[in-house]
Amino acid sequence: MKRWLGIPRTLIRHDWLRVAIRAQFSAALLFIVSTSLWAQPGPPGGGPDGGPPRPEAPGGEPEVKLGLIKNETKAYQGYTLFAPMGSTTTYLIDMEGRVVNKWLSDFTPGHSAYLLENGNLIRAGAIRDSAFGGGPGAGGRIQEYSWDGELIWDYQYSNDRQLPHHDFAKLPNGNVLMIVWDRKTRDEAIAVGRNPALMSDQQMQPDCLIEVKPTGKTTGEIVWEWHLWDHLVQDFDPDKPSYGDPADHPELVDINFGEGVLAAMLNDKDEREKLRAIGYLGAGNDQDVPKINADWTHTNGVNYNAELDQIVISIHEFSEIWVIDHSTTTEEAKGHTGGRSGKGGDLLFRWGNPQCYRNGNADDQVLWGQHDAQWIPDGYPGAGHMLIFNNGNRRPDGSYSQIVEIELPMDSQGNYKRTAGKPYEAKIAWSYTAPKPEEFFSSFISGAHRLANGHTMICSGANGIFFEVTPEGEEVWRYVNPTKGGFGPGGGRGGPGGRRGRGGPGGPGGFERPRVGEVLPGFLRGMLNLSDKQNDEADSLQQTIDETLAKVLTDEQKSSLKEMQEGRGFGGGLPQAGQVLTTFVQARLKLADDQKQEITDLQKQVDEQLAAVLSDEQEKQLKEMSRFGGGPGGRGPGGFGGPPGGRGPGGRGPGGPGFGGRGPGGPGRGPGGPGGPGGPGGGPGGPGGGPRGGTAVFRAYRYGVDYPGLAGKTLTAGKSVAELDDEAEKIRREQEDARAKAEEAKAAAEQAAGEKTEE
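In the numbering used here, each residue's number is its place in the sequence shown (first place is 1) plus 64.
Just so you know, the hints here were simulated from the structure itself, not pulled from any lab data.
Fair warning: there could be bad hints in the mix.
To be verified - Subject to a maximum C-alpha distance of 20 Å in a straight line, what follows is the list of computed PhoX-like cross-link-like pairs (lysine-lysine):
id	residue 1	residue 2
1	Lys-486	Lys-500
2	Lys-500	Lys-134
3	Lys-481	Lys-491
4	Lys-805	Lys-166
5	Lys-660	Lys-615
6	Lys-622	Lys-597
7	Lys-166	Lys-304
8	Lys-481	Lys-407
9	Lys-622	Lys-654
10	Lys-810	Lys-820
11	Lys-794	Lys-166
12	Lys-248	Lys-398
13	Lys-783	Lys-134
14	Lys-777	Lys-805
15	Lys-248	Lys-166
16	Lys-615	Lys-626
17	Lys-660	Lys-626
18	Lys-654	Lys-626
19	Lys-615	Lys-668
20	Lys-622	Lys-166
21	Lys-805	Lys-794
From a predicted model like this one, the values you see are computed outputs, not experimental measurements.
The whole structure should be built from the sequences, with the hints applied where relevant.
Structure representation (structure tokens):
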């Protein structure tokens, strides 16, 4: 094998960490949106790298430390690369968590970033104002920087129909292989056999792969393509060319997949709500026919095997991985013959959920919303096997993540073996689950790769946690991303919602904590890719809201609002983006009738102005975000205990809800006071969101000390990421203060000039 994953062989022999990044953001966004007001103020960390301590966690949980947590001598020595989501900086840190290099871009991640064999950084960037708006994993450009930060290649690919997203692979020939949304209209979908009743939108977004050859500093030539749309099957409409039995054609993809799998779940109300929460169902009533999300496949990762000349892609919405032939021409990739396999662009192998091709049932499913499928390269323990980050979202035995290493069922001719009528099989050669499974769970993004010494580097992306484990499962290195420029601290269990209790922490978040009454927090603006003009309009709208609230609320109510913001008593119904004050907050503030009317009028104004600020696509994304689920449900105690009574036990109230209706609430227990039985428990506690951690990161990669890309480079350990982040924040605030003072001075001068003119 000369090359793997698009990286030369010499890179593989050292410790490179594999190129294959895939991401899903689907289950994450609402998780962020619906919990943002519960999130603890964003870190400052407490890790050995010098970050300040994070505020005490609610519910008696230990505080979360950030930065370097563990670094044992047996850990694989090298440097770790990561690009926090929502940030424009990519960091390379040493084993002690000190920055040895960083790269600055004008664009947030879109999402992958890799260190090349020549020491250059190549990353995906999220463009602004695309026809797709922002949204889950949206990218649109590939950027390559020199070690010293010079932008060498800046290629943008975007049109009304197509937009790269999530991941890409740098191939051995220097080309770049991108995952691309390939938008189809409703009519186009129906024309190939899509059941109209399953259409949740006027479009579908299947995926394609596009290989680009760099030709100039900002240009590239498309040299190869593969489109999923060319490899469909369906048994809904016999008059369509794709008609056939999906069970007889595992090499093809059922365009109506979802109907059979979802049908059984529709009989259970809780399951229906879970499906609705993750975007599979619309917001209609319980009698609705299940609709399939427009982002039909949500491919979140691509990886290349140079010896086989094959590609593996991770299909999130199917909970499957697919292998296809790259040795075809573009014309052969459209059909069913040609290439080394002789099968054209058809699937050579698929694994994870045989229900997708009707060759199995729920008991046969082994992947749940997985990411980052990749081959283990030559020279590494497990070479030729495949590693997969199995997120475990909606896993029947509970929400926990797992790393799975599989041995592929390949014969001596390089063909994938399968018994007719049976699912594709793969032997699980190794797996990792935390000793306490629930302590390792990332509902979205994430990845893992094998290190040269046989250890495995894992990125629990939603929590921003990177850790290294031995083959025996012993953890020997751990780091928690301390940056504040992305999504924020991961959430643990829901906190109490009592009169003075803390609300539970949210899931991934990390920009400055959203204020109560802030309708478009910074992290949402970033994910929606607001233009400069839209940001200005949103700022103006927020100023109107702040001024109105300052006039409407009493001093006592403002004080209560501040307490909620600081986490001392916020609990209750989930806030939504675009809301000024939730019903629960209004009740907590004890608004008078005239105040409620003023807030209602303000909300109408906000709704109208937000509709004018956001594009139709952004509005749709915002609504979808508010339906997506996050981690397991919170179990924090319920809200207000009743008024003091006798010596009886307190009443019981509902516990905190899980994100998007996911997971059971915990019991509320209002303790009784002296003199009589306690009153009933009250409002629910805040939501939970999986293990607490740091700012979300799509992937993190460890490059060995002998990696060619590091040869001859200055690797002096500098400050920690937290220290650099604090310095950048200080500069930003100083600049903002300077601008504000300049504007005030200008306004004062204009006012003085006007008064002088009047005189």
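Now for the hints, and whether the structure bears them out:
1. Lys-486 with Lys-500: violated (34 Å)
2. Lys-500 with Lys-134: holds (18 Å)
3. Lys-481 with Lys-491: Within the cut-off at roughly 12 Å; holds.
4. Lys-805 with Lys-166: Given that 20 Å is the threshold and the Cα spacing comes to 32 Å, the pair is violated.
5. Lys-660 with Lys-615: Judged against 20 Å, a Cα distance of about 13 Å means the pair holds.
6. Lys-622 with Lys-597: violated (31 Å)
7. Lys-166 with Lys-304: violated (53 Å)
8. Lys-481 with Lys-407: holds (14 Å)
9. Lys-622 with Lys-654: holds (12 Å)
10. Lys-810 with Lys-820: The hint holds at about 15 Å.
11. Lys-794 with Lys-166: The given pair, whose Cα atoms are some 18 Å apart, holds under the 20 Å limit.
12. Lys-248 with Lys-398: This hinted pair holds, its Cα atoms lying about 17 Å apart.
13. Lys-783 with Lys-134: holds (18 Å)
14. Lys-777 with Lys-805: The hint is violated at about 43 Å.
15. Lys-248 with Lys-166: violated (39 Å)
16. Lys-615 with Lys-626: holds (16 Å)
17. Lys-660 with Lys-626: holds (19 Å)
18. Lys-654 with Lys-626: Given pair Lys-654, Lys-626 holds - Cα atoms ~15 Å apart, limit 20 Å.
19. Lys-615 with Lys-668: Status holds; Cα separation ~17 Å.
20. Lys-622 with Lys-166: violated (42 Å)
21. Lys-805 with Lys-794: Holds, at roughly 16 Å.
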